[in-house]
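J.: As they're listed, the protein sequences go chains A and B. Residues in the first sequence are numbered consecutively from 0, following numbering that gives the first Met the number 0. Residues in the second sequence are numbered consecutively from 0, following numbering that gives the first Met the number 0.
Hints listed in this document are in silico derivations from the structure and should not be mistaken for laboratory results. Computed from a predicted model, the values in this text were never measured in an experiment. Every residue, glycine too, gets a C-beta built ideally from N, C-alpha and C. Some hints could be false.
To be verified - Using 20 Å as the maximum straight-line C-alpha spacing, the simulated SDA-like pairs for lysine to any residue come out as follows:
| # | chain 1 | residue 1 | chain 2 | residue 2 |
| --- | --- | --- | --- | --- |
| 1 | B | K345 | A | R64 |
| 2 | A | K101 | B | I21 |
| 3 | A | K101 | B | F32 |
| 4 | A | K97 | B | R22 |
| 5 | A | K217 | A | V71 |
| 6 | A | K101 | A | V138 |
| 7 | B | K345 | B | L203 |
Claimed, not checked - To list a few chain B residues with every Cβ distance to chain A over 10 Å, as calculated:
| # | residue |
| --- | --- |
| 8 | D14 |
| 9 | G46 |
| 10 | D68 |
| 11 | Y113 |
| 12 | S120 |
| 13 | L203 |
| 14 | M276 |
| 15 | L322 |
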Amino acid sequence: MTTGENTQAPAPTSALSCKGLVKRYGDVAAVSGLDLAVRYGECFGLLGPNGAGKTTAVEIFEGLRVPDAGEVEVLGGRWRGDGVALRARLGIQLQETKFPDKLRVSEVVTLFRSFYPRGLAVEDVLSLVGLEEKAGAHVRTLSGGQKQRLSLGCALVGDPELLFLDEPTTGLDPQSRRQTWEIVEGLKTRGRTVLLTTHYMEEAARLCDRVAVVDHGKVIALGTPRELIASLGAEHVVEFAVGDGASATIEDSILRALPSVEDVARDGGSWRLTVREVHRAVPALLTALAEQGAEPTALSTHHATLEDVFMTLTGRRLRDG
Amino acid sequence: MAERTIAYRVRGPLDELTRARIRELTREPEAVFWVFVFPIVLAAILGLAFRSQPPEALPVAVVTGPHADARRAALSSGSDLEVSVLSEREAAQALARGRVVLVVSAGDTPSYAYDPTQPESRAARLAVDAALQRSAGRADAFTAGRDEVTEPGARYVDFLVPGLLGMNLMGTGMWGIGFSLVVARNGNLLKRLVAAPVRRSHLLGAQLTSRLIFLIPEAGALLLFAYFALGVPLRGSLLLLIGISLLGALAFSGLGLLTAARPRTIEGVSGIMNLVMVPMWIFSGIFFSTERFPASMQPFVQALPLTALNDALRGVMLEGTGLVPLLPEIALLAAWGAVSFVLALKIFRWQ
Ligand SMILES: Nc1ncnc2c1ncn2[C@@H]1O[C@H](COP(=O)(O)OP(=O)(O)OP(=O)(O)O)[C@@H](O)[C@H]1O
Ligand SMILES: [Mg+2]
Numbered sequence: 000m001t002t003g004e005n006t007q008a009p010a011p012t013s014a015l016s017c018k019g020l021v022k023r024y025g026d027v028a029a030v031s032g033l034d035l036a037v038r039y040g041e042c043f044g045l046l047g048p049n050g051a052g053k054t055t056a057v058e059i060f061e062g063l064r065v066p067d068a069g070e071v072e073v074l075g076g077r078w079r080g081d082g083v084a085l086r087a088r089l090g091i092q093l094q095e096t097k098f099p100d101k102l103r104v105s106e107v108v109t110l111f112r113s114f115y116p117r118g119l120a121v122e123d124v125l126s127l128v129g130l131e132e133k134a135g136a137h138v139r140t141l142s143g144g145q146k147q148r149l150s151l152g153c154a155l156v157g158d159p160e161l162l163f164l165d166e167p168t169t170g171l172d173p174q175s176r177r178q179t180w181e182i183v184e185g186l187k188t189r190g191r192t193v194l195l196t197t198h199y200m201e202e203a204a205r206l207c208d209r210v211a212v213v214d215h216g217k218v219i220a221l222g223t224p225r226e227l228i229a230s231l232g233a234e235h236v237v238e239f240a241v242g243d244g245a246s247a248t249i250e251d252s253i254l255r256a257l258p259s260v261e262d263v264a265r266d267g268g269s270w271r272l273t274v275r276e277v278h279r280a281v282p283a284l285l286t287a288l289a290e291q292g293a294e295p296t297a298l299s300t301h302h303a304t305l306e307d308v309f310m311t312l313t314g315r316r317l318r319d320g
Numbered sequence: 000m001a002e003r004t005i006a007y008r009v010r011g012p013l014d015e016l017t018r019a020r021i022r023e024l025t026r027e028p029e030a031v032f033w034v035f036v037f038p039i040v041l042a043a044i045l046g047l048a049f050r051s052q053p054p055e056a057l058p059v060a061v062v063t064g065p066h067a068d069a070r071r072a073a074l075s076s077g078s079d080l081e082v083s084v085l086s087e088r089e090a091a092q093a094l095a096r097g098r099v100v101l102v103v104s105a106g107d108t109p110s111y112a113y114d115p116t117q118p119e120s121r122a123a124r125l126a127v128d129a130a131l132q133r134s135a136g137r138a139d140a141f142t143a144g145r146d147e148v149t150e151p152g153a154r155y156v157d158f159l160v161p162g163l164l165g166m167n168l169m170g171t172g173m174w175g176i177g178f179s180l181v182v183a184r185n186g187n188l189l190k191r192l193v194a195a196p197v198r199r200s201h202l203l204g205a206q207l208t209s210r211l212i213f214l215i216p217e218a219g220a221l222l223l224f225a226y227f228a229l230g231v232p233l234r235g236s237l238l239l240l241i242g243i244s245l246l247g248a249l250a251f252s253g254l255g256l257l258t259a260a261r262p263r264t265i266e267g268v269s270g271i272m273n274l275v276m277v278p279m280w281i282f283s284g285i286f287f288s289t290e291r292f293p294a295s296m297q298p299f300v301q302a303l304p305l306t307a308l309n310d311a312l313r314g315v316m317l318e319g320t321g322l323v324p325l326l327p328e329i330a331l332l333a334a335w336g337a338v339s340f341v342l343a344l345k346i347f348r349w350q
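Chain A with its partners taken away, still in its complex shape (with noise of 0.2 Å):
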């Protein structure tokens, strides 16, 4: 028998926590040395680009995969057995879940919620998530997006106090994706804790209160996304570009000493650069571009975001396109 109740134990302090996790495969690492800690009553976001080892940490969390070393303590219990009783104060929502095509919509959350000893009634997930008027509708005939609602719907069907979601807005519209967001502000403020992974920096930035960023299954970066915002040094990014024949000619030094310019990536014919104040920068930047002789082709400004964290750190995007 499997139990992760402690009742007489201290209360442990994180609703999830892991140390030194590591999962491979073959000669990928999808995990590699992974250190969490995820407190009761918040919502931590995974941030990171494909493959980044995110799916494979969560079902490690989630107790589906079982690690290669390192340990991992979800709601003071430990994973062992089936781990019913454990797995009963969960929600689950997997990345990717086929329910039943012929299955009716009422009937997958009914099927769901016959597993918990506790929960939420079936008609009050349905609207929850939106899928009242879809409950007779076969799974077969739904979209995407609804699909993935139902997929949600069943990890909220047993009121969990720990919530994991895989990724939950992928392929949602934007306001499916934002009666999403309020669901999950909704368990919040209701003090349920919530691990979701993402790769859109704005969902990350509006639910986390924590985010971890994650790159070839470590964490590069924790805190909440104004700290890593901040951990930037500036709060604005200039991107420009030049054509071919200019782009030779300018050193990143002549950027780097450019007024308020805080850190300079280059990529081919286009920059970006990092900067305190964009009313100090850019005129100061075309000045030297006309200098140099060379003609920007494009040229934009924005309010730095984690995708900037990220790039910074890794010199990569977060998502491709």
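Given the coordinates of chain A, work out where chain B with the ligands should sit on it, guided by the hints.
T.: Then chain B with the ligands, alone, in the frame of chain A:
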């Protein structure tokens, strides 16, 4: 209309899992066809094709020559033979193509060309020889009396129906369980179920329970049709027939579970299923008796679970055999079921 507030009833996990499985199956028109309609259609068609017919005259040829007419007359006196007179070349050709089963040569002392491996050829030889000898003056020592019997229970369709039932129990058990498990594994549904607080014994138990519930209409439809429409007898105990069907369904569910224990794809599981089932389609006496296989193959043939199931079903239905003489078959089936079940649980891939 009032505000709709449908309150959904939630039953226990095993109950809900079983219901989900049954809904899935009954909402699949193909499954309904293969499980319920196909065996009945097959029994009806094969019953029709192999219905008992008045005995047909055996076609024989006489080669042209001085004795041809006399021989034709002698052979045509009874109704057992259908005689044609052909040139030597035509006769040889007709024999080779199977249009006649025996050729009488033109010589003064006739010789018979026939294929002794064919029962019809052998029968024709006896009839032709007797007729020619008689016309040449041989007297019968006595005339035996005739007592013609065609008994229900000895027809091909009677032989066929228990075999079809066995085949169906095998197919539904293996496909019904194997397919749905692999689809669930492939679509991460199995993993999602494992991630929920549900016992694995419930997940598999629901598969078995729904399988056994399905057995009732499945075996019922075929047996009722066979009994009332085709006149196939049930000579033994109905209870024993039900028990054996139940055991067969369970044994093949175990095998289905075993074949589906590892594969991640439909292609993978289909390959293994065919590897397991095709030999039994051929060797387990569905369409013809297992006695046709040489003695050297019998240990293999008799060890197959479907052979045991078919033998037991035929025993109860056609021969009225009781429980005790069927114990070896029952033990073999139970052993197959138990071993594959235990093995399946050991190697089962839950995600
Ligand atoms: N079962 C497996 N067998 C082999 N390799 C695997 C397996 N699972 C994951 N990997 C590898 O481990 C690495 C991390 O994969 P993972 O699915 O954890 O990434 P992810 O961060 O969730 O990516 P995505 O954003 O695309 O979902 C990848 O290189 C992947 O190919
Ligand atoms: Mg993933």
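J.: Quickly compare the C-alpha distance for K217/A and V71/A to 20 Å and report which way the hint goes.
T.: Holds. K217/A to V71/A sits at ~16 Å (cutoff 20 Å).
J.: Please verify that the nearest CB of chain A lies beyond 10 Å from L203/B's CB.
T.: L203/B is indeed farther than 10 Å from all Cβ atoms of chain A, at 12 Å.
J.: Straight-line Cα separation of K101/A and I21/B no greater than 20 Å?
T.: holds, 11 Å
J.: Would you mind confirming whether the straight-line C-alpha gap from K97/A to R22/B stays at or under 20 Å?
T.: This hinted pair holds, its Cα atoms lying about 17 Å apart.
J.: Measure nothing beyond the straight line between the CA atoms of K345/B and R64/A; if it is 20 Å or shorter, mark the hint as holding.
T.: holds, 18 Å
J.: Against the 20 Å threshold, does the CA-CA distance of K101/A and F32/B hold or violate the hint?
T.: It holds: about 16 Å lies between the C-alpha atoms, which stays within 20 Å.
J.: So if I understand the rule, the pair passes when the alpha-carbon distance is 20 Å or less; does K101/A with V138/A pass?
T.: Between K101/A and V138/A the Cα gap is close to 6 Å, so the pair holds against 20 Å.
J.: D14/B clear of chain A by more than 10 Å, beta carbon to beta carbon?
T.: violated, 7 Å
J.: Evaluate the condition: distance from the CB of Y113/B to the nearest CB of chain A exceeds 10 Å.
T.: holds, 60 Å
J.: Beyond 10 Å from chain A, beta-carbon-wise, is D68/B?
T.: Holds: least Cβ distance 74 Å, greater than 10 Å.
J.: For the pair supplied as a hint, K345/B and L203/B, is the alpha-carbon distance within the 20 Å limit?
T.: Since the Cα atoms of K345/B and L203/B sit roughly 13 Å apart, the hinted pair holds (cutoff 20 Å).
J.: The output says G46/B does not contact chain A. Does that hold with a beta carbon cutoff of 10 Å?
T.: About 34 Å separates G46/B from the closest Cβ of chain A, which puts it past 10 Å; holds.
In this structure, the one hint that does not hold is number 8.
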